[in-house]
Amino acid sequence: MWRFIGFRLLQSIPVLLVVITVTFFLVRLAPGGPFSSEKAVIPEVKAALEEQYRLNLPMYEQYIAYLADLAEGDLGPSFKYPGRSVNELIAAGFPVTAELGFYALLVAISIGGIAGIVASLRPNSAQDYIPMSVAMIGICVPSLLMGPILILVFGIYLEWLPVSGWGDMPGDKILPAITLGSTYAAYIARLSRAGMLEVMSQDYIRTARAKGLPEWQVVVRHGLRGGLIPVVAFLGPAFAGLLSGSFVVETIFQIPGLGRFYVQAAFNRDYTMILGATVFLATLIIVFNLLSDILAAWMNPRLRSQYGGR
Amino acid sequence: MVPAAHMCFRYSLDYMITMRLSASRFFLSFIMAATLAACGSGESNVERGNREGILHVGNGTEPQGLDPHVVTGIPESNIVSALFEGLAVKNPYTLESEPGVAQSWNISEDGLTITFYLNPEARWSNGDLMTANDYVWSWQRALSPAMGNQYAYMLYPLENAEAFATGKIDDFSQVGVKAVDDHTLEVKLNAPTAYFIQLMDHQSTYAVHRPTIEKFGKATDRFTPWTHVGNLVGNGPFRLKEWQLNRRIIVEKSNTYWDKDRVQLNGIEFYPVENISSEERLFRVGQLHYTNSIPLDKIPVYRAMENSPYVNAPYLGTYYYLLNTNEPPLDDVRVRQALSLAVDREQLNNTVLHGTNIPAYGITPPGTLGYQPPKVFDYNVARARQLLTEAGYPDGAGWPGLELKYNTSESHLKIAVALQQMWKDALNIDITLANQEWKVYLDSVDQMDFQMARRGWIGDYIDPNNFLDLFLCDGGNNNTGFCDPLYDDMILRQAPRAASREQRYAIFAAAERRLMEQMPIIPIYTYTSNQLIHPSVQGRPSNLMNHVNYKYITLDSNWQAEE
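Protein sequences appear in the order of chains X and E. Taking numbering that gives the first Met the number 0 as reference, the numbering of the first sequence is continuous, increasing by one, and the terminal residue is 309. Taking numbering that gives the first Met the number 0 as reference, the numbering of the second sequence is continuous, increasing by one, and the terminal residue is 562.
FYI, nobody ran anything at the bench for these hints, they're computed from the structure. Quick caveat: nothing in here was measured; it's all calculated off a predicted structure. Virtual Cβ for every residue (Gly too), placed ideally from N, Cα, C. Just to be clear, a hint being listed does not mean it is correct.
To be verified - DSS-like, lysine-lysine: derived pairs with alpha carbons at most 25 Å apart:
id, chain 1, residue 1, chain 2, residue 2
1, E, Lys-167, X, Lys-38
2, E, Lys-240, E, Lys-259
3, E, Lys-240, X, Lys-45
As the list claims (entries may be wrong) - Have a look at the derived ranges for each label pair, beta carbon to beta carbon:
id, chain 1, residue 1, chain 2, residue 2, range
4, E, Pro-399, X, Phe-101, 39 to 45 Å
5, X, Leu-16, E, Arg-47, 49 to 55 Å
6, X, Asn-55, E, Pro-119, 43 to 49 Å
7, X, Val-262, E, Arg-513, 42 to 48 Å
8, X, Pro-42, E, Ser-103, 35 to 41 Å
9, X, Ala-90, E, Leu-111, 48 to 54 Å
10, E, Glu-345, X, Leu-16, 56 to 62 Å
11, E, Asp-473, X, Asn-55, 55 to 61 Å
12, X, Glu-60, E, Thr-165, 46 to 52 Å
13, X, Val-21, E, Thr-93, 34 to 40 Å
14, X, Ala-90, E, Pro-399, 52 to 58 Å
Could you build the full structure based on these sequences and the hints that come with them?
Okay, here's the thing in structure tokens:
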């Protein structure tokens, strides 16, 4: 197992380097610069700005200087927000995005998992079709539609929940978490249904039934562990996806997370912020994929033996 | 509007009553009621704000920063103008200048020397007295090339300021500003500048607190934390209390401000609400006193309301198309005129723009401190067809094609499509549309890599000069290739030397007439500000700059929602 983890960690270094390099040069090759503005900027001002941000140096020197700073954990000053470092912006936005992602994941697992398991117990019956149709709708309805619908119903007509904000009023975290989680709930429902269907037709389940266990014990004690492996494998990428894909939800609900900074950075050609957020999120994605692989290996004896661990 | 909290409570109560609770259901309902009560655990921001004197403002985007010599946007200046104050401020009703840090000023006979007399009571928020030297130091900072201040040109009317800002001279003592004594600031101008006092209300001309800035770095460093909470020292009616990135900025009334008795608000909370639909929803549930904007499709709904909070007012900005006069077919003035005359601006405004804007026939917005732009042309298809025939394209025959560039946005697209159709119908010519992402589009415009391009210009100060000097031969924002020495002479030499405002405006009108006869641009509409303002907000009149002077604002604590 340790060999497996070590190997995966080593693998991630070149992956990260490629991500950094490609992003570094791509953003600089994109037309338009951080200091293009609607009002003409005189050459002297532009030169002064470029010097302050090292943009006057040849590109390879900028690249080397960036890597040197990065090695010390310094992601550089933001172009768009003078007076703020990229580290500071990420530190301000990430905890919020992570919290949102965590709640969304809870929503996704609880709704999706239950729907999928319920559906799998009586395949091709109404108990299967109804939750699965709802799940399909969940996948299809994008959060930029789901969010406003939830706001209209629960925020404006019923006035049960705040329409936006994060931690300002009680209950303002509920709608964003549901909005962000619903798409993933739908995926998880489908994954858990498929996983459970496969497992429930296995011989050992028949054996469990044959020895007279009540059905719910068969499902909970024997079915779930095998049936949810695909879901667990999906959790890593899903959480990473929730973190990097929360931009729309953050915008709709006025949530001060990383997603808004990240997307705005691209529009603003905020080179250091784009790079910083990309490096940060790439690292997270690698870590979460690794964690979910470890978890899946732990749950699946066949994989576990493959990596020679206990 | 009904306060959310009350509704919430009422619903939960109704629910419990109508359900005629059995004991087993009671527990469930109790949980539900608790959740419901939690949802509106207090009053809305507006109700609480009215009681406590706190204004809640939808402010567009997260500000880039709060350094007056760095920031450029409107959301930033909304906050900076609460934290700092210029030598003169603007009356929100008339937009005429009023005393700020300077309690009075004197303009010499020849208009070249202005003496500001600082209010001896004017203080920084840490208690330090303000002096004339604060301005000399701050203006040096604002003009220093190393500062990279994009608004340095606001100080160019000063003698030698431009030379200093562009690095032609290094010695700041040659620039036309000096402290005569602690409370007297003397300014020398290149030429009489009627609007100079107005510029004193622009953040680029604000004084900043030298000891604070030097505590955190060099004078010209752009990224030191001097503007963060606890560090920032300003001189405005408010001081910075809290700054949560992408969440809110809170300012509270300053007790060192010289005119603090006039300030009725105890504080302001600025929310960076980028999504205008979210902003409208926030307003609807009473979380904002006023919004920054309003979604176009909501305007008819609000217009239909009685006592509507919707406010629409002319704004100091013009939406127009740039024409590249260096390239055929637009090098021919007749083609340019034909294109402009074939645009039915009234129809465009009434349909695509929901009647929210003002059709424009010149570059200057109407009523710019009394100035009215001359109307040189009108919608005239017959004349447009005739002009195009004279130019060699009768009924569009032989038309070489033309491309219109605009930055990606649904509203720009709608306007472009409408005009494309008008040109097809009136002149039988084809225009192709090309959209570009914002920064790409900015580069295209800057390098004049276009035939026709969308453009908007928002005035920095309220004077026709701010629009007309765009089209000087070497104007940095000209972007059309238009160059007329007589026009330059009128703007640069004749207008500044005019004896009176009337004479000056007559020269501007003649210049604008010349400009519109040569038609290097197609003016389309004058912007308007469109926003929602809660009826409890007083002292925030509509004006051409959508300028807010927080000193004038009061909140009516007796205001009650009509059921």
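- Which of the listed hints are broken here? The structure conflicts with hints 3, 4, 11, 12 and 13, although it agrees with all the remaining ones.
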